[in-house]
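K.L.:
Work out the full structure: start from the sequences and follow the hints.
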Amino acid sequence: MKKFLSVFMAGVMACGMLTACSGNSDSQTEGKVLYIGGSGPLTGDYATYGTSVKQGAELAMEEINAAGGVNGYTVYVKVEDDQADPLQAVSAYASLMDDGMNVSLGGTTSGACIAVSEEAYKDGLLMLTPSGSQKECTQYDNGFRVCFQDPDQGKYAAKFIKDNNVGSKVAILYEKSNDYSVGIYENFAATAEEVGLEVVTTQAFTDQSNQDFSVQLQAVKNSGADLLFMPFYAQQAAYVLTQADSMGLDVVFFGVDGMDGILEKIGRENQHLTEGVMLLTPFAASSTEENVVSFVNRYKSKYNAVPDQFAADAYDAVYAIVEAFKTAGVETDDETFNEKMIAAMTQITVEGVTGTMQWTAEGEPNKEASAVVIKDGAYVTYQDYTA
Amino acid sequence: MNFLSNLISGLSLGSIYALIALGYTMVYGIAKMLNFAHGDIIMVGAFTCVVFITNMGMHPAVGVLASVVVCVVVGVLVERIAYKPLRSAPPLSVLITAIGVSYFLQSLAQLIFGTNQKSFPKFISLSPITIGQLTIKGESVVTMAVTVVIMAALTLFISKTRMGKAMRAVSEDKQAAELMGISVNRTITITFAIGSALASVAGSFYGLTYGFVGPYSGSMPGIKAFVAAVFGGIGSIPGAMLGGILLGVIENMAKAYISTELSDAIVFGVLIAVLLVKPTGLLGKKTNEKV
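Keeping their order, the protein sequence lines are chains L and P. Here the working numbering runs 284 ahead of the position in the first sequence, where the first position is 1. Here the working numbering runs 34 ahead of the position in the second sequence, where the first position is 1.
In short, the hints are calculated from the structure, not lab data. Computed from a predicted structure; not experimentally measured.
Cβ-to-Cβ under 7 Å is the rule here; a few derived chain L residues that face chain P:
| # | residue |
| --- | --- |
| 1 | K460 |
| 2 | S498 |
| 3 | V499 |
Listed next, the stretches of chain L that the computed footprint assigns to chain P, with coverage defined by at least 3 CB atoms under 8 Å from CB atoms of chain P:
| # | segment |
| --- | --- |
| 4 | 481 to 491 |
| 5 | 500 to 511 |
| 6 | 549 to 555 |
From the derived model, a few chain P residues whose C-beta atoms are all more than 10 Å from chain L:
| # | residue |
| --- | --- |
| 7 | V104 |
| 8 | L120 |
| 9 | V308 |
For each residue, glycine too, the CB sits at the ideal point set by N, CA and C.
P.N.:
Next comes the structure, spelled out in structure tokens:
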């Protein structure tokens, strides 16, 4: 039995080496290559995130290469599996570096991305994460991101509500025991005051009492609010929608990216409760913008799935890196490559599928936030919904 | 008006606690054990409702009755398999077994239904009643009405029937009851059956109120109901009813007027205060240990 096992293990290892080799030769097939590497959970509980990032990034790679590459280079994208684990993300990063990576896509999930950002900082590499939303993901000068930073969503949400006149009397319900929720709430409240959006009541809950919202919703009802801002995750949002319905609370429910997934959580038989629910997101697959439509169609025909936020972020990330590479006009083996790439990031403008972006030196994208509205169990962009 | 609304939702929450607390207190009174798996019977009840009504398309009334039957079977099986062999074991062993059963039920539910919350069929769909500024949830009214009926029926059963008499006798003195020809084992089994049936009803109301059920849905209401039982005086049936309802009202009032984050701390604080003044709970009787 032992002998069988050792033979088996040897076989597995040989296979592993073979695939590793083939990966190598793949990346150095023809001429000069701009190697973009990243990692994300391709297996495990969060596999949908990593898979979307991988598919979005690879679609961008194919399009760029089909259009003749950039500065005489072909683009090569490789996304490794890290199971959303910081340790595995760091080892994926190391193996990509050994493989000759020029620019890092960081990690897909925030925890993994923070770990990778430490390594990329040591190496001086440009890192542009599609979806690492925690503040610390871009703490170093070389770190940039495509998605919004968590707390910034509060700012954008308040502005969006004010600018589009979605509501005039706003109630807030947030989770006091969760940094994500508190961060967004604080920014929302501050911006609301700035832009003159009236907040009529602020209610909170904790992870110990996250099922029964009768008291908070009663207070919202009595405050006469016409919009409830809910910066927390989909499961709690599902509770809120159900309980609000049974007490006859009639307001606009407005969430942020954490509320993505509400349709699955609330279940088909309660789908009617989500009608008219809004959430802030820079990407909506149903958008009628030309570049989004063509991205969605190509993604659909290639992967037989509708692209989500993560796929769109990764798609834009690859295009942004290519744009920076064009602007920097530097060879990958140049000593100043990293430096020039990082400098170029703050100079470029990218018209991506998640909006038109420019980057601050802090690594934050400067783009318009938009909102989607749920209609008959599907996301519709706010512009299309009201039109 | 706000006060009244919160009072009513507190009463409705308290009714659910009271239904569960009855199971704790009856089992404690008769078998002298703390059945910590009792909370998970609520979860079993709510899940079986989902299976019968949503998945198998049964009529809601039939589905709820069927879930009561399933819970009674589960409760009695748990008693037979896990607790009966330990009848003469030290109380600590029984307590630990009960915790084990609780984990077993939670893990089993996770295996069968997954870790996600399942949405609960809204089989009683009443529009909220609005009187002026006051809104009362339809579910609250049904929950309170059914709880009152169940409590009245249970009180009659305990005080008027032969079985109820036997239960009171066993709770007073097991050996003496046995000498009088009462089957202690049968009495304990029936106690578990009644407790589980009540938990199943509580599970249905829990699902109706919150709309979702998950493998851990029973644990927090279970703990709160245990507190309610101790609060009212464990072993006392009117105590469990009073304790449950008071606990629900205090919890909602604390949330509405003091702090939503501190409501649990306030609830448990009140419990400590009451126990300091009245160690047997509100309606508990002081028993003198004969040495």
